[in-house]
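Going down the list, the sequences are from chains R and S. Under our numbering, the first sequence is numbered contiguously, ending at residue 673. Under our numbering, the second sequence is numbered contiguously, ending at residue 425.
For the record, the hints were derived by calculation from the structure and aren't laboratory data.
Derived SDA-like pairs: lysine to any residue, alpha-carbon spacing no greater than 25 angstroms straight-line: (1) K34(S) / L543(R); (2) K195(S) / D140(S); (3) K241(S) / Y111(S); (4) K665(R) / H423(S); (5) K531(R) / L416(S); (6) K531(R) / V420(S); (7) K134(S) / G208(S); (8) K134(S) / Y237(S); (9) K531(R) / T329(S); (10) K665(R) / V420(S); (11) K34(S) / R586(R); (12) K412(S) / E524(R); (13) K34(S) / D584(R); (14) K665(R) / I419(S); (15) K34(S) / R545(R); (16) K412(S) / Y459(R); (17) K272(S) / V106(S); (18) K412(S) / L543(R); (19) K412(S) / R545(R); (20) K531(R) / A421(S); (21) K412(S) / D460(R); (22) K412(S) / A544(R); (23) K81(S) / D259(S).
In silico negatives: residues of chain R with every beta carbon more than 10 angstroms from chain S: (24) Q453; (25) D460; (26) P487; (27) Q509; (28) R575; (29) K576; (30) L590; (31) G593; (32) D621; (33) A623; (34) G625; (35) K671.
Note that CB positions come from ideal geometry on N, CA and C, so glycine has one too.
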Amino acid sequence: MEPFSTTEPEVGTGRDGYDSPSPDNIVILAQDLWKTYDMEAISVNALSGVSFSIVRGEYVAIMGPSGSGKSTLMNLIGCLDTPTSGQYWLNGRLVSELTDDELAYIRNKEIGFVFQTFNLLARASALHNVELPLIYNGTPPAERLERAEEVLRKVDLGDRMDHRPNELSGGQRQRVAVARALINNPSIILADEPTGNLDSATGDEIMNLFERLHQSGNTIVLVTHEHDIAARAHRIIHIRDGKIDRDEKVG
Amino acid sequence: MAKQLRNIRENLLLALDTLRTHKFRSFLTVLGVLIGTTTVIGVASIITGLNNRLVDTMEQYGSRSIYIFKFEPGIRFNLTREERMRKPLQYQDAVAIRQYCPDVEEVAVDMFYNGPAPGAKYKGQEMLDAGIQGATAEDFSINGATFVDGRPYTELEDTHRLNVAVIGSDITKRFFQGEDPIGKDIIVGGNTFRIIGALGKRLSFLGDNSDDRTVYIPYWTFRKIYPDAKENLIVAMATPNRMNEAMDEITAVMRRMRKVKPDQENNFGMATADSVIKQFNQITGMVALVMVVLSSIGLLVGGIGVMNIMLVSVTERTREIGVRKAIGARRQDIVWQFLLEAMTLTGAGGVMGIILGYVLNFSIRTLFPSVPSSVPLWSVFLGFLVSISIGLFFGMWPAMKASRLDPIVALHHE
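The following block holds chain R by itself, in its conformation from the complex:
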């Protein structure tokens, strides 16, 4: 497979002085993505021809009201779904036509999910929750523990490793989720309304954590409908009616 060979991608829409855009440091390249849902009589276009690219180290917010198609776009970016048509390259790999199992592998290696509702396993300790992605790529137990402890310390939860989610505060839970997202050194961290279930102070704390991760070189894609949250990113892609409405640099 030779990505980038068919069409020279249009890059740099969001250049904001991090890396000079070149095929090598493009993490996400979406070209004319369509997603059509077939209802009984009619077809609904959730996405109608979305194209954009994200460079390594960028901090991007995808913003839009509910029903705008941003959730659909997030599912495509997160490799949870495949587009009806169009191409999606993730880290140089065309993923829009992969099978379920191949997508699972990509999700494991390339994407770190952070959900609005944390989605931790209730019966497992923080440590076990964080090491879970490593189980699915066959990392040996000793290495799993070592790496899980390391990322938990990175999100300042070194002293809460054996706690179960119900013994942790909302902010701590979301930090466990962030640690889980980080453990495989993914190409992107994909956060879906990460502060939606938190009070504003705790939400702020989580946003600071994202800022820190961004500064240490992680690529972050944040999906939100709140302008305040989106404003913490360095670039906002506005989605409306399944299309990119506006793509602006901020900060």
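Dock chain S against chain R, hints included.
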């Protein structure tokens, strides 16, 4: 491969954790599997016990003994016309066997009392269920009888039709507590016999052995006292390792003695310890088959329960499945997770069933010492294997269902 094993270990721990979380629910779910496994183990242990006991009981009479009857041994409900017309075995048949069968070492002839037990009396005490039997002197050595006191009668005592007797152990116990029976006179059916020997206790198969309640008197004495008795039993002992040859020779001699034409079936029967055990095995085999069918029903019901609870489990944990898929679990990972959970569940039921089977076995041994039941190892393996297979089979559909969930839908499941 190592990766796969690690995943299995991981899933196993997870499954055990789920089991711990839902102890009571899990227990109820695998009750059917538990009962099914217990039945398998229990029945297998009883059959093994009966079998061992039968082998021991038969072997005390000598593995080289060949019993010759008027009829084919075995359970039968009615006799054919030919069978009803058969004449009894004759003393002369035994003489012929001794003479013409080179592979027969010794021959004994027994004669049984017709009708209900005559009972025995000693010094005003009475033992109603005591029986009497005529036997030639060889009978004791062929049948492996042990003498705790005295001696067997001699051929001379037999041919002179003397009123001497060798008594079974129950009779000794009943009449001669702390007393030497030798030389005492015992009355059986109105006739007085001088006791010259006392036998050791016989092993018995189910209940007590009637040999222990028997007064043995010389064959010819018996015939003198009971001239109406007709039915002889001939016991031949083969030379070592020549059982089949001895049986062939006996068959040939008996056919000639009983004037069986070449195109006719034998009009007599033979049995050995081996053949009795084989026959018993056929019966227990059928009992085992019936129990297998019954326990299969328990296991089937248990299996459906497991499938049901696994479907509940999949629904309850839809979100978890979504999360696992989102962070990289493939279909097979999810399938294995739920399959192993179902197998752990039924496997645990199987282990409990095996333990209960052992308890059952212990209770039987304690309550019925004459059934020395013992759990055969194969039934433990079978029980465990079957219970795990139940989990595998009935867990398959829920596991497949879980693995096919769309991660997006699963993640938003409430």
